[in-house]
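Asks: The chain contents come next:
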Amino acid sequence: MAQRFGVTREVRRSVALISVPFLYAILLLALPLGAIVLFSFWTQDFLTIDTSFTLANYREALTQPIYTQLILRSLAISATVTVATVVLAFPIAYFVSFHLPPHRKSLWLFLITIPFWTSYLIRVFLWKVILGYNGVLNTSLTGLGLIDEPLTFILYNANAVVITLAHAFAPFAILPIFVALEKIDRSLLEASRDLGESRSTTFFRVTLPLAMPGVVAAVLIVFIPTIGDYVTPRLVGGPDGLMIANMIQTQFLRLNNAPLGAALALIAMVCVTVIALGFVWLNRRWLGGDGK
Amino acid sequence: MTDLITLSGVHKYYGDYHALRGIDLTIRQGEFFSLLGPSGCGKTTLLRTIAGFEDASSGSLTIDGRDMKRVEAHHRPTNMVFQSYAIFPHLSVAENVGFGLRRDKRARADKARAVGEALEMVGLAGYGNRRANALSGGQRQRVALARALILEPKVLLLDEPLSALDKKMREQMQVELMRLQREVGITFILVTHDQEEALVMSDRIAVMFEGEIGQLDDPETLYRRPVSRRVAAFIGMMNFLDATIAPAGARVALDVAGLGRCEVPASQAPGGVPAGAATVGIRPETLAILFEGESAPGRVVDGVVDEVVYYGDMTYYDVRIPGHDAPLNISMKNLIGRPVLEVGAPARVAWDERALVLLAR
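Line by line, the protein sequences give chains V and U. Here the first sequence stands for residues 1 to 292, where the numbers follow full-length UniProt numbering. Here the second sequence stands for residues 1 to 361, where the numbers follow full-length UniProt numbering.
Just so you know, these hints were derived from the structure itself, not from any lab. None of the values given here were measured: they were computed from a predicted structure. Each residue gets a CB set at the ideal place from its N, CA and C atoms; glycine is no exception. There's no promise every hint is true.
[Claimed, not checked] According to the in silico footprint, chain U covers these stretches of chain V (three or more CB under 8 Å from chain U):
(1) 186–196
(2) 204–210
[Stated by the list, open to error] As a list, the in silico DSBU-like pairs of lysine-lysine whose alpha-carbon atoms are at most 35 Å apart:
(3) Lys-183/V x Lys-168/U
(4) Lys-183/V x Lys-154/U
(5) Lys-69/U x Lys-111/U
(6) Lys-105/U x Lys-183/V
(7) Lys-154/U x Lys-167/U
(8) Lys-69/U x Lys-105/V
(9) Lys-168/U x Lys-154/U
(10) Lys-69/U x Lys-183/V
(11) Lys-128/V x Lys-105/V
(12) Lys-69/U x Lys-105/U
(13) Lys-111/U x Lys-183/V
(14) Lys-167/U x Lys-333/U
(15) Lys-154/U x Lys-69/U
(16) Lys-168/U x Lys-333/U
(17) Lys-105/U x Lys-154/U
(18) Lys-168/U x Lys-111/U
(19) Lys-105/V x Lys-183/V
(20) Lys-183/V x Lys-167/U
(21) Lys-154/U x Lys-111/U
Bound-form chain V, shown alone (with noise of 0.2 Å):
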């Protein structure tokens, strides 16, 4: 009788065990996003919002140059930041997999994790003593004679962004690209040596491809996330590091009109799937389309 229904133990059990996450979310995650879905569509008319359907707030947003603008800013910013956080990390997290004896490998990773023990504000504001007019880096380079003038390209603009958040994803980058490097088998490094490749050609023959999983998950991880970051480029962005989720803030807090704010999240949304889709389908091939 059960099997006929399809609701086997092993069935009733996984349904017990996931049915409070997918309520929390449920509640959490899907109602507010079809919100943000149906507030798009909607308008803001002074103090209420009318109901009927338009796609007014999509043409404002696509049309108008500052929203294109900045969406193109959060695009290029979190790719540099991408870029900057998977190159940095890449020989960290090789070091660790290929030149550590494995009983201190947990070690490091445990001391890799320790930017996250103090909170993101904590850190973003550390870089701005860092970074700053009179900040840690300027005095040190003008007392060694290095530079005249304090340099100001390093804070209130893009740059501080893209330093600011590489640090802080530093850790969500090593991770999945250490993973991916521990698979690597040994001997295939040791085989592509017989073959006759030296050290360097064994790199980029065997272990780049093989460790192309991590880079891409790591890619994701870092891209996804930034792209929607706001507090960074608030706080040590200044007016030209300002990012398309400071705008939606500010239609959603300051202007008052979240329908606007709804659209521009939709299209950062859109943006961030289709590239995250790209690099998913990119994987694919590079894998041979089977996923193994």
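Got chain V sorted already, so can you dock chain U onto it with the hints?
Replies: Frame of chain V; chain U shown alone:
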């Protein structure tokens, strides 16, 4: 045959661990050579030293007259088939086989033809476009072989290549490896812990224990004339009996526990005639149980069957004889009309002094 590889006084230390303890060894051009020994005996370390993955702590290694000191693995005229096969999972079969041809100056079409020929040689013609991780264990091994042989190395190194295969496949691959080796004429060095595999395939075998070579000989000599009890126990089955000896010129007089007195030529002590107390080794197939109506030209002792293991074509008996502690292992072919004895049955055991091997205790 000319010498191809010469090792002299090779030592290898891992910290305090002395993995290779003075290896002196010459491997000839075109032979099928095996390094045989229990795990941890240093055979793989020795192979990896030849390949260039390990540096010897001291001693010298020459391949084809060239000193290999400070010659890195990718510059040595050796190629290896790894125990795990080490097939690149991100490449196709053809890309795997052609991996080492990158620096080859030939045109692309010629390389593709070489890959096709290499695949054909190992019986994988037409598999070039398959994904490497869609292959079975036996097919992976063939890819690994083709990938190494396409580079025409002077030496092919095989690190326990058959240990991951099932019994049928292993026996098939043994024959195929021997055929391949005859065809290409390249020196093969095989590392294995399987004495049967080594006996079947090799021209010569070096038996290793604890970082040293215990004996280096052709399979037949190794089996019939082991120089030490260790080698005798590792290669095949062997009964060991205590004996007292009295050398007399070119002959040795023995008193073997359980069997009795006899006299053998000193050549039956391949490790040198021991002084005083000795061990005598005798293979299970050189002993025979005499069934009804059978007689033997040699000597006979009476015993009692202690254990019977029936194998279909063979029956393995343990027979207790007075004067010797452990039961004798005897293997008998199940010929027509021969019954399988039961435990507790009396058994007359025939033996021949020509089958005895004299070993140090």
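Asks: State for each hint whether it applies.
Replies: Hint check results:
no.: 1; hint: 186–196; verdict: holds (count 9)
no.: 2; hint: 204–210; verdict: holds (count 4)
no.: 3; hint: Lys-183/V x Lys-168/U; verdict: holds (31 Å)
no.: 4; hint: Lys-183/V x Lys-154/U; verdict: holds (33 Å)
no.: 5; hint: Lys-69/U x Lys-111/U; verdict: holds (32 Å)
no.: 6; hint: Lys-105/U x Lys-183/V; verdict: holds (34 Å)
no.: 7; hint: Lys-154/U x Lys-167/U; verdict: holds (30 Å)
no.: 8; hint: Lys-69/U x Lys-105/V; verdict: holds (33 Å)
no.: 9; hint: Lys-168/U x Lys-154/U; verdict: holds (30 Å)
no.: 10; hint: Lys-69/U x Lys-183/V; verdict: holds (32 Å)
no.: 11; hint: Lys-128/V x Lys-105/V; verdict: holds (32 Å)
no.: 12; hint: Lys-69/U x Lys-105/U; verdict: holds (28 Å)
no.: 13; hint: Lys-111/U x Lys-183/V; verdict: holds (31 Å)
no.: 14; hint: Lys-167/U x Lys-333/U; verdict: holds (22 Å)
no.: 15; hint: Lys-154/U x Lys-69/U; verdict: holds (17 Å)
no.: 16; hint: Lys-168/U x Lys-333/U; verdict: holds (22 Å)
no.: 17; hint: Lys-105/U x Lys-154/U; verdict: holds (20 Å)
no.: 18; hint: Lys-168/U x Lys-111/U; verdict: holds (34 Å)
no.: 19; hint: Lys-105/V x Lys-183/V; verdict: holds (14 Å)
no.: 20; hint: Lys-183/V x Lys-167/U; verdict: holds (29 Å)
no.: 21; hint: Lys-154/U x Lys-111/U; verdict: holds (20 Å)
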